[in-house]
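Trainee: Construct the entire structure; sequences and hints are all you get.
Position in the sequence shown (first residue = 1) + 195 = our numbering.
It is possible that some hints are incorrect.
[Claimed, not checked] Using 27 Å as the maximum straight-line C-alpha spacing, the simulated DSSO-like pairs for lysine-lysine come out as follows: (1) K277 - K344; (2) K364 - K270; (3) K465 - K270; (4) K296 - K344; (5) K277 - K364; (6) K277 - K524; (7) K344 - K465; (8) K265 - K344; (9) K296 - K364; (10) K364 - K516; (11) K524 - K340; (12) K277 - K340; (13) K364 - K340; (14) K265 - K296; (15) K516 - K270; (16) K516 - K465; (17) K296 - K277; (18) K531 - K277; (19) K340 - K465; (20) K465 - K364; (21) K277 - K465; (22) K516 - K340; (23) K265 - K277; (24) K531 - K465; (25) K524 - K296; (26) K344 - K364.
By construction, these hints were calculated from the structure, which means they are not laboratory data.
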Amino acid sequence: MQQQQKESGIHMRFGKAGWRNRILTLGTAALVAPIAVGVAPTALAAPAPIAAPVLRAPAGGYEELMVPSKMGPIKVQVQWAKNGGNAALYLLDGLRARDDKNAWSFETNAQQQFGNDNVTLVMPVGGQSSWYTDWAQASNTNGQKTTYKWETFLTEELPNFLAGYGVSKTNNAVLGLSMSGPAALRLAALHRNQFKHASSLSGPLNWGAPGMREAIRVMMLDAGRFNVDSMAAPWSPAWLRMDPMVFAPELRGLPMFISSASGLPGGHDKPAGLGGAYNTANAMGIEVISMVSTRAFQGRLNSLGIQAVYDFPATGTHSWKYWEDELWKARPHILKALNA
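Mentor: Below, the structure written as C-alpha cells:
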C-alpha cells in the first residue's frame, strides 16, 4: 500500500538568493568527490579543500540526503526545523521498510504534524527486518551481501553527518512502531547522551515470552527472507541486549511515550473484499500480541519504579493510520523533552 506524499507545505527549499544556492551547491558536491577552490587574481593559488557539510538547508525546508555508512550510502529524508532549531526527531520505519522512502513520509501526515515546529524530522530509508541493530553477520537465507550495522549508523555516522547541518548530537528524540518500537527504546536506553525522549507504538516489548523468538523468525522470513540467527544467536548477550525487559533499568529518568491498541477494529478499518478482510484480521492479531507484550513491559517498568506516559486505545489494529494518531498524541511530550 502506497500513497502519494502530500505536497502542501512540504517542498524543496535551497535559499532565496543566488549566493546561497552557489554555497549549498559547493557544500553538496563536496560530499560526493573532493574538490578545491582558490582565488588568484593574477596567478594560480594553492587550492583549499572544502570540508562538507558546512551549511544547513534553510529553516523549514525538505531535503533528501545520501549519508555515508559502513553499509554504503544510506538515503535519509529530512524536514528541517521550522525556525532553524537544533533538535531532531528520528522516525524509524516498520518491518517491511522500503528502499526508496520511509513510510512515515507517505503513509502518515507526520511532516504536516511537525511542519510548524522547531524540530527536524529525520527519516532513514531502508532496514527491512533489521530491528535497527548491528547484526553478527549478513543474512544467509536471502543472499544479503552487506551486514546490517544500523545501530552504528543511527548513533554514530548519521548524527555526526547531521551535525554539519546544525543538528545537535545530544538533543534528539526517537520514535518507532512495530519492529522499530523496541529499537527506539533500546537506542535511547543505551545512548542516553543522544536521546532525550523515546516512543514505542505497537512494539513487541517482551522478547522473553514463550515463542517470541520463533515468532520474530517467522516475521523476518516473511519480510525479505531474513534469518534471525544472523542477527544474533539465541539467548546470546547480543540477543539479550535487544530485549526491552532486559535493558529496562537503563530507561530510568528518560521521558517515554508507549502505546498499543486493543486489536479491535476502529474507524480506520474499512476492509474491502476478502483480501481486505484478511489483512484486517491479520492486523488485529498482531496488535493483540503487541498489546499483551506492551502491558507486560508496563508491569516491568512499574516494578522498577520507572515512569512513562502510556496510551491504550480501546480500538485500533496494527496499521499506519492508528500510528499517525498516536504520533499526534506523542508530539507534545516530544516537543517538551526537546525544548522545541
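Trainee: Taking the hints in turn, state whether each one holds.
Mentor: Outcome of the hint check:
no.: 1; hint: K277 - K344; in the structure: violated, 31 Å
no.: 2; hint: K364 - K270; in the structure: holds, 19 Å
no.: 3; hint: K465 - K270; in the structure: violated, 33 Å
no.: 4; hint: K296 - K344; in the structure: holds, 19 Å
no.: 5; hint: K277 - K364; in the structure: holds, 18 Å
no.: 6; hint: K277 - K524; in the structure: holds, 20 Å
no.: 7; hint: K344 - K465; in the structure: violated, 38 Å
no.: 8; hint: K265 - K344; in the structure: holds, 7 Å
no.: 9; hint: K296 - K364; in the structure: holds, 24 Å
no.: 10; hint: K364 - K516; in the structure: violated, 30 Å
no.: 11; hint: K524 - K340; in the structure: violated, 39 Å
no.: 12; hint: K277 - K340; in the structure: violated, 39 Å
no.: 13; hint: K364 - K340; in the structure: violated, 30 Å
no.: 14; hint: K265 - K296; in the structure: holds, 20 Å
no.: 15; hint: K516 - K270; in the structure: holds, 24 Å
no.: 16; hint: K516 - K465; in the structure: holds, 12 Å
no.: 17; hint: K296 - K277; in the structure: holds, 22 Å
no.: 18; hint: K531 - K277; in the structure: holds, 16 Å
no.: 19; hint: K340 - K465; in the structure: violated, 40 Å
no.: 20; hint: K465 - K364; in the structure: violated, 42 Å
no.: 21; hint: K277 - K465; in the structure: violated, 35 Å
no.: 22; hint: K516 - K340; in the structure: violated, 34 Å
no.: 23; hint: K265 - K277; in the structure: violated, 31 Å
no.: 24; hint: K531 - K465; in the structure: violated, 35 Å
no.: 25; hint: K524 - K296; in the structure: holds, 24 Å
no.: 26; hint: K344 - K364; in the structure: holds, 19 Å
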